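Given only the sequences and the hints, what does the whole structure look like? Please build it.
Those sequence lines, one after another, are chains A and B. For the first sequence, my numbering assigns the number 69 to the initial residue and increments by one for each residue that follows. For the second sequence, my numbering assigns the number 1444 to the initial residue and increments by one for each residue that follows.
Listed below are the simulated DSS-like cross-link pairs for lysine-lysine, each with C-alpha atoms no more than 27 Å apart in a straight line:
1. B:LYS1485 with A:LYS211
2. A:LYS166 with B:LYS1485
3. A:LYS211 with B:LYS1553
I should point out that these hints are in silico values taken from the structure, not numbers from a laboratory. These numbers come from a predicted model, not from an experiment.
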Amino acid sequence: MLHPIVEAVGLRKRYGESEVVCGVDFAVGARECFGLLGPNGAGKTTTIRMITCFSPPSGGTLRVLGLPVSAANHRTIKAGLGLAPQEENLDPDLSVEKNLLVYGSYFGLGGGELRQRVADLLTFAQLTDRAGSRIDTLSGGMKRRLILARALINRPALLVLDEPTTGLDPQARHLVWDRLRELKRGGVAMLLTTHYMEEAAQLCDRLVIMDHGRIIAEGTPAALIERHVGREVVEVFAGGDADRRERIRALCASFGGRVESVGDAVVLYLDGAVDAGSALAALAGEEFVHRRATLEDVFLTLTGRELRE
Amino acid sequence: MGKDAVTTLGQGGMAPSPARQRVGFLYGSLRVWRRNMESWRKFYKSSLVGALGEPILSLLAIGYGLGKFVDLAGVSYAEFLAPGILASAAMNAASFEATYGSFTRMTEQKTYDAILATPIGIREIVAGDALWAASKATLSGTAVLLVAAAAGLVRSPWAAVLPAVALLVGLVFGAMGLVVSSRARAYDFFTYYFTLVITVMYLFAGVFFPLASLPGWAQAVAWAMPLTHAVAIVRACITGEIGPVALVHLGVLLAVLVLAYAAAVRWVGRRLVA
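Shown next as structure tokens:
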């Protein structure tokens, strides 16, 4: 990749005895939306913290905006980054508009140029009519859009989004996605972490899946689905009957594809090894769903179904 | 608005967009100070009543009420008390702001985290917050000065430098408060600091009685407390009995300021960047 915006080689982070990022390699290119996926504790947020200069790496090399991430370069790197953090940290003592004006001043911006920028960003975030509102009167979706607007105040060369829609209802989430797609069209490079596979599939050009501090898969959403689970999936439900579930499982296994039991259901992945037509015919009497494979299937296949808490 | 207005990047792709103003130490610290000012403007009325009311009432009630029963060889008790009330008003205003106020910005509100994602760093955050605490100290100290002057308790034109002295005292206690905040796990921790440090200074730094009335060892302890030096400078400026020893007091305060600032930068940094 020519002149990547972020380039990590063998990147590590250790806290005392435990290593939470264990040597990861990836690069984010210009105009690219790059996803960082993984279960809780996979090391996503720590990786983001290293990229945004909040956490010095313990090993490996990390370059952001062409510069090594070292104390001497923090100021220059941060001047070119926009960060939308996972935790809401808007300034509760200031109005919506003041939040943007004051944040702009931290980047050395001011005067008419900053006021124009703030007006544009309020329009972009659909918050113009809330410019004078207190932060605690905003809905979750409005706060998220304001955080996004704030992250854009300095026209960043890289926008870092740490779980940008966690906790939002579907309407609010789709509005944030819409805004992010508009930024993508404008050529803003993005680094995104998310728990929502649909979000990653909608937005990311390329992504990595991390688990236990390591990258376990990398590619475009379509290629990852094709490679790890095939095009389609059949989920068969046993209706709470264990014997029936075993029978279904044996039947599915006979088709030659990969089979998985998930609670009451049996999941059959229709990859190249399976004759889909005869498999569906054989399951005709059962209660089942036949659907396209998704990134979520890839994620669960690679990281397992155990709870991560 | 066209989307271009929002999404256009600086040409050159890799280059971070050039900020208009170089964000250096002084600029960054003043931005942090200004942020606090913007937020204070909403609450300034209640804040002023608290910051100014208490020291002024103390000066009047204790100075003139209790003062009637105190004999200090030629000096009225109100006259003796005024410098100490001025210095301790500055201490209290800065200490409250740099503990409860700064701790809230560092933890609950995550204001420091938000600022740290910009070119402004830990040193500017600590300096800006200490300067903000010192600004409140200046306000309180100046209010006491005006009341003391109106009551005829000020004897020297040196009193004109007292707002600057209050600013220095505020920086010292602001930086000390930030050290305490950087080590605090919860708000309860400040109870220890106020009871064991701030109140002890308030009672034994020569605010209410001359240090000479203490035994020798207690005087030595008293001179180890920054407030004692602050009271001494303020007293010299109000009475006009100012001599070279004022430079020693000034030096002690500056030394405490430098040490506390360095410790606060180190520990706030350790807390937020890891």
